[in-house]
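A.B. asks: Spelled out from the first residue to the last, the chains are:
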Amino acid sequence: MFLAKIWFFLVALVAAVAITIALVLPRPAQRVLVQEETQRLVVACGVIDILLGDDARNRVELAGAFSRTQEIVTALESASGANTIDEARMKQVREVGESVMKTIQGARKPDFAMLIDRRGRVVARVRLDENDFGDIAAGRPLVDDALAGFLRDDLWAQNGTMYFVSAAPVIRRDPPVAYVGAIVLGHQVTNALATKLVSSLNVDVGFYLGKDDVAGSKNIAVDHGPLLDSLKTLQGGDLDQDCQAAKPIEISTGKEYYNAVVARLPGEAALKNAFYSVLIKRPEAVGFMGTLKAVSQSDLGATKLLWPIVGGLFLVMLVGGIAFMYLESDRPLKRLTADAVRLAKGEKERLGEDEHPGKFGSIARSVNIAIDKLGREAKTAKKDLDQLLGPAPEGSLGTIDLLATSLPPARPGGPAPAVSPPPSDFRFHDPGPAPSRPATPPPIRPGTPAPVPPAMTSRPPVPPSQFSAPPRAPTAPPVMSLGDSLDDDILGSVTPAVPAAPMLDLGSAGDVDSYFKSVFDQFIAMKKSCGEPTTGLTYSKFSEKLEKNREDLIAKTGCKEVKFTVYVKDGKAALKATPVKDE
Amino acid sequence: MPAIRFVRLMSLPLRLCVVVFASLVALPSVVAGPVVGKLELPPPPDRAPAATKGFLDRQENALAPARPVSVTPYMLVTLEGGEKSAAPGQVTWDLVGESFARPVIGAPAGAEVVIKNTSRIARTLVAAEDKNLVPAGPINPTGPKSFRVTAPAIFTIGDPDAPHLKGKIVVVSSPFVANVDESGKFEFADVPEGAYKLRVFYKDAWLEATTDVTVERKGKTEVSAKVPALGGGKK
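Chains as they are written, first to last, in the numbering used here: chain A, 311 to 893; chain B, 374 to 608.
These are calculated hints, taken from the structure and not from any lab test.
As the structure is a prediction and not an experimental result, all values here were calculated from the model.
All clues stand as given, with none of them false.
Label-pair distances were calculated between CB atoms; the ranges are:
(1) Ala495/B x Asn501/A: 25 to 35 Å
(2) Thr497/B x Asn501/A: 23 to 33 Å
(3) Lys528/A x Leu580/B: 54 to 64 Å
(4) Gln432/B x Lys401/A: 24 to 34 Å
Heads up, the beta-carbon is just placed ideally off N, CA and C, and yes, glycines get one too.
Looking at chain A on its own, in the form it has when it is part of the complex (with noise of 0.2 Å):
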């Protein structure tokens, strides 16, 4: 069993090292996946700065197509040399504006305009604050710069509304040249920009200022407090490195959560802490089943040599499991099981300790040591026995034998033995019908002859029933056969025992001492057939042994009669006393 143990520890390492990198290789992914999110967050941050940017651009171009509209220039110029501003001129100006504002064409139209002649002063709004004016609005930077003559863009709070504002001058072109004035478009932060912004970036971003949102392209109700102390470390750098300077961070609405990066606007608005942020959502942790969960059918089809090599190893690991098992388990477990097949038919004394590895080896010494332990039990007995019969004399009456009490009478796997075997000899046997076993005597009964067995017929023959019985009495008690006197059938490699005259019916002293003189007649004829000499053997003496043998097992073992059995013994003639008990 050690190389399966091995297999089976190498398999199970192999199973853990999986497990292992199942376990773990979707961390390295993750982490290379929050760096992508990051690295696109940072990507998107500056394309979204980039789009401003246009959009800045076309917002400029547009204010300086709206400036150089001539009905502008003729009212602003008109305005311009006017003390004061009355609402008349308002209204004429706001409607030069509007019939303008009309003409725009495109997706980004002004939300607002504001005409403003050379002194600063606003003539007229369109769209927004419409009844206002006469204000001065030269001091913003943007309105200064554009009466200054230039075109530029700015952004501005109002209201917690931010524009994005842009200017332009307007300019007299016909001789002498001359600034009348500038004008301002502005448009609306909204939601819509927003979305349009990130239409193709597959981000969010939201606009704020301070605390407050004001567009954003998703509504994503954020913690505002991390991107404020973001913004913070963004204070003093450059604006336009505002994506790769701020360092992405996490934020949460309650349920979900974004990676975000900030970004400062510029403009009047960027004194008001104005800035946006790009969000993505999180990426969520993949793990093992969300690993699982993201392989599709290309995945799988992906590589040609991905099942090969999986059903090779199974097939390693299934070969080399079942392979060993085999070799150290089934093989062995085979061989032993053969071997004590063997054991039990009496092909072998012993199991081969050798023959067998491992425990195998060690439940053949096992079995060997309980066998010898038995044997020695066996000894022990009949030991015993010689002791309640008194010892058979020497080399006149063989051995009497007393086992067949102490075994139990009928064995489950078939008829008993029609002889019991010695003590010493006794032996396992196969639990089977052994064809190689003589077939087993019917049970003998009182006038018939005992069959002969087969193995009886190398031998000697034996008179089988000229032992006869005595007349039964009819109260006799009932005659234990010798098919229920001996268990065990194990007696192969010993010669069958002449069968022992079934009588016992020994209701007289008469029938006793016929009962005794045919088994005496038996014994010499055994003793004769084994080449035994008969000399000094007289049925005096074995009738008294015989009687006094009776009497002792009577007398010990309580039962009403006891039976003589004439049997052979390692080539010798051996008598065997059975006490018969009543049913």
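With chain A fixed as given, assemble chain B onto it according to the hints.
C.D. replies: Frame of chain A, contents of chain B only:
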């Protein structure tokens, strides 16, 4: 009081004659003519960088050259020396919208400065150099806000909510302080006879160069002063 008793003893015609005589004797020593002058302005300085910048840099238009920087709104002149006026009077400064009517005004020490908000927007003005100079509270549209300047100093008045709205009050020790028009001309009225020094203030500070002015007893005194080259300044 013998003198009072002597006056009471005089008849009314005699009293009138005495008053007229005394006035004729005393007038030449306290009244003088106006002082008019003109500053020889240097070439306009380069335009200062924009106070604020949008997404783009400002760009000149293609139709006409940009207007030169006007320095005179940021100038004022004063005559130092001579007798001081007993009553400095009052100086009015108009807040006309997104700016003051003049970005720089002068006020004699002790004068009362009255800021009038002629715009439609309420402003909260604060002197950067002295938070307590301007009384707290907004100046509502058409409403005034007055305070007194006691000693020569330069105050920057502005609205924190409108950073572009800034003006300077230049407090001088002399009662003779005046702004300069676009051509560089200026005028002091009723300058007593005496020797003075003409000083020019530009934007944030006094120019080092001074011009001696002697006011004669009779007639208008004309002054001409040359202003050295000016920097673009912060504006």
